[in-house]
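Engineer: Here is how the chains run, residue by residue.
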Amino acid sequence: MVKEIERAGFPVVQMCNLIPVAKTVGSNRIVPTISIPYPLGDPGTSKEEQWKLRYHRTKVALESLATDIEEQTVFRV
Amino acid sequence: MKKAILYINQFFGQIGGEEKAGMEPVIHEGHVGPAMQFAKEINAEITHTIICGDNFMGSNTEEAVSRIMEMLEGKEIDLFLAGPAFQAGRYGVACGTICKAVKEKLGIPVVTSMNVENPGVEMFKKEMYVLKGGHSAAKMRADVKAMAKVANKILAGEEVGSAEEYGYFARGIRRQVWREDGIPASERMIDMLVKKLNGQPFQTELPIPKIDRVPIAPAIKELGKARIALLNTGGIVPVDNPDRIQSASATRWGRYDVSNSDDLKGGEYKTIHAGFDPAAADADPDVITPIDALRKLEQEGVYGSLHPYFYTTVGTGTTEAEAQRMAKEIIPYLQGDHVDGVIMVST
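Chains W and Y, in that order, give the protein sequences.
Residues in the first sequence are numbered from 1 upward in steps of one, following our numbering.
Residues in the second sequence are numbered from 1001 upward in steps of one, following our numbering.
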């Protein structure tokens, strides 16, 4: 899906846990998440911690869309 | 008798489904699950079965691998088997990951099996024998047999035949063989050329693998003015799932209006994804579709505005062809609203 969206000309960032899969499939902008069932907030942590993590990673994802890249890039979180 | 060890996930290890996918690796003496069938087919004793949760392997890969390596230490092993993994993506990647580690660190031959749609195929087929497996566990018997055929060749110290003959994914290794027909390359080449010139079909002897890469889309110039859309393959839908999106092997997608929403609440939205434990996302859908964070970032002016809808499908078991079609159906909505960039959260 990411590839089709990018083919249509949209910069697109994939937020996911299985980075090697995203790389193999051909996503160009990748932001890591923390797990499969809860990518953006571990229910074992406090609400505040979950919010901080989610806010931070979503912000990184937004900024990645405004970052020029030359090759497939996994953004640091 | 030669000795083999089998790796399987929590499901085939009969520990449990998605709620157990986080389980840490364990090793059992003897046969669990598919090991029993392997034992019938394979010319080796299956001494142990290793079971590990798919999510544990996916999210804590280094730790999972190093723990399994410790379990294998000092054991007599002639062959390492993993799977079959069918179309289960995380399981396939897990099988490939552990096989690769065993092969590289212990120098033991490895064999696994996956369906062509499994992302593990592209990742690992060059490094090991990955048999062409079925879609689902209904093909267990056939897939185990196919793995055993290759495994028995290896155990006998014989050379495994071609990918075509043995049913594994071609590994990109070229070997010289004597052709039965004895026709030299020069003649075969001219024959192909003549066919090509006449517009007739011909079979190349050197297929070039097609890698479908998409050119990187240019970055957004002014993020502060950009319109952003949120998509997910984690199955977040209104609780009544109005578009009846399937929980696996999805062919449908939906879009849901969040123009008046600052936060997705449990009880109003939930996940219908069958590939992971839904508890966390049902309690707080924002852990997959971060509408709360996106609203805050919008207020702070980090980006311009949020497209009024978020888009959902389910990624587990969904074929690439269906995913491609669904994306193509979504794109016009993004274009129509002048979206500048897209966030896709995948589980």
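Do not take every clue at face value.
[Stated by the list, open to error] A few chain Y residues facing chain W, derived, Cβ under 7 Å:
#, residue
1, V1160
2, A1217
3, V1239
4, N1241
5, A1327
FYI, nobody ran anything at the bench for these hints, they're computed from the structure.
What you are looking at is a predicted structure, and each value in this text was computed from that prediction instead of being measured.
Glycine included, each C-beta is placed from N, C-alpha and C at the ideal position.
Engineer: All hints are to be evaluated individually against the structure, with a verdict given for each.
Structural biologist: Outcome of the hint check:
| no. | hint | in the structure |
| --- | --- | --- |
| 1 | V1160 | violated (25 Å) |
| 2 | A1217 | holds (4 Å) |
| 3 | V1239 | violated (18 Å) |
| 4 | N1241 | violated (18 Å) |
| 5 | A1327 | holds (4 Å) |
Violated hints for the displayed structure, listed by number in ascending order: 1, 3, 4.
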